[in-house]
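S.K.: Single-letter residue listing:
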Amino acid sequence: GAVVSQHPSWVICKSGTSVKIECRSLDFQATTMFWYRQFPKQSLMLMATSNEGSKATYEQGVEKDKFLINHASLTLSTLTVTSAHPEDSSFYICSVLGLAGTDTQYFGPGTRLTVL
Amino acid sequence: AQSVSQHNHHVILSEAASLELGCNYSYGGTVNLFWYVQYPGQHLQLLLKYFSGDPLVKGIKGFEAEFIKSKFSFNLRKPSVQWSDTAEYFCAVTMNRDDKIIFGKGTRLHILP
Numbered sequence: 001g002a003v004v005s006q007h008p009s010w011v012i013c014k015s016g017t018s019v020k021i022e023c024r025s026l027d028f029q030a031t032t033m034f035w036y037r038q039f040p041k042q043s044l045m046l047m048a049t050s051n052e053g054s055k056a057t058y059e060q061g062v063e064k065d066k067f068l069i070n071h072a073s074l075t076l077s078t079l080t081v082t083s084a085h086p087e088d089s090s091f092y093i094c095s096v097l098g099l100a101g102t103d104t105q106y107f108g109p110g111t112r113l114t115v116l
Numbered sequence: 117a118q119s120v121s122q123h124n125h126h127v128i129l130s131e132a133a134s135l136e137l138g139c140n141y142s143y144g145g146t147v148n149l150f151w152y153v154q155y156p157g158q159h160l161q162l163l164l165k166y167f168s169g170d171p172l173v174k175g176i177k178g179f180e181a182e183f184i185k186s187k188f189s190f191n192l193r194k195p196s197v198q199w200s201d202t203a204e205y206f207c208a209v210t211m212n213r214d215d216k217i218i219f220g221k222g223t224r225l226h227i228l229p
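The listed protein sequences correspond, in order, to chains A and B. Under this note's numbering, the final residue of the first sequence carries the number 116; numbering is consecutive throughout. Under this note's numbering, the final residue of the second sequence carries the number 229; numbering is consecutive throughout.
What the hints contain is simulated information worked out from the structure, not anything from laboratory work. Treat the hints with care, as some may be off.
What the hints assert, rightly or not - List of simulated lysine-lysine pairs, DSS-like, C-alpha gap at most 30 Å:
1) A:55 with B:174
2) B:221 with B:194
3) B:216 with B:177
4) B:194 with B:216
5) A:64 with B:185
6) A:55 with A:66
7) B:216 with B:174
8) A:55 with A:20
9) A:20 with A:66
10) B:216 with B:187
11) B:177 with B:221
12) A:66 with B:174
13) B:165 with B:185
14) B:185 with A:20
15) B:177 with A:64
16) A:55 with A:14
17) B:216 with B:165
18) B:221 with A:55
19) B:185 with B:221
20) A:66 with A:14
21) A:20 with B:221
22) A:66 with B:177
23) B:221 with B:165
Claimed, not checked - Chain B regions said to be covered by chain A (calculated; three or more residues, Cβ under 8 Å):
24) 167-177
25) 193-199
What the hints assert, rightly or not - The following residues of chain A were derived to be distant from chain B, with all beta-carbon distances above 10 Å:
26) 7
27) 20
28) 34
29) 43
30) 44
31) 46
32) 55
33) 61
34) 66
35) 68
36) 82
37) 95
38) 105
Glycine residues also receive a C-beta, built at the ideal position from the N, C-alpha and C atoms.
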């Protein structure tokens with residue numbers, strides 16, 4: 001399967017600042033990546049689908065101006081949390097969709113964001 | 117709305133005990149089914165998956181799952197657990213060949229040595 005990395009693994013920032021999280025597919029060209037958010041003791045919630053070279057598709061209730069996604073290459077997608085607030089504190093996880101038709105996703109290790 | 121239910125939120129077992137984690141989904145169409153595992157401090161890893169064919173699927177580390185279409189279930193089993201199986205287990209579904217995956221809330225499994 002694909003190897004996926006995320007950077008940073010943990011970030012603390014002040015309220016009102018913006019934070020960029022990178023998701024890299026290390027050994028696989030990913031046309032589709034996904035961004036999830038996981039609250040403590042809860043399931044992963046899909047935020048958006050990131051397609052290389054086009055605009056991301058956001059799930060209902062996810063503010064696209066708040067969570068900016070850029071998928072500029074087949075190996076990199078970035079999620080920028082703009083004007084972060086304490087309620088944005090969470091665990092953000094990206095995944096890469098495997099070979100077409102397999103529906104299998106390979107997950108990154110996640111980024112823990114704490115907004116003070 | 118489509119959903120995935122995991123009935124057990126927290127399971128505690130002793131080593132060598134048998135394990136069965138329940139998973140049900142609500143959707144009448146074509147589904148692909150997955151179990152993912154997240155070991156402490158690690159990322160989600162695919163444990164096993166079902167797309168078609170034999171409804172009894174064997175995965176890594178001795179795990180298996182059975183798809184019972186009539187019950188909308190995909191329960192995870194292991195005949196004899198080990199301390200190293202301590203982790204959180206997520207059942208997940210994609211529906212009607214959609215790439216979007218819907219996760220259950222997870223089951224935290226704790227194995228006592």
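S.K.: Hint by hint, where does the structure go against what was stated? Just the numbers, ascending.
M.R.: 1, 5, 12, 14, 15, 22, 24, 25, 28, 29, 30, 31, 37 and 38
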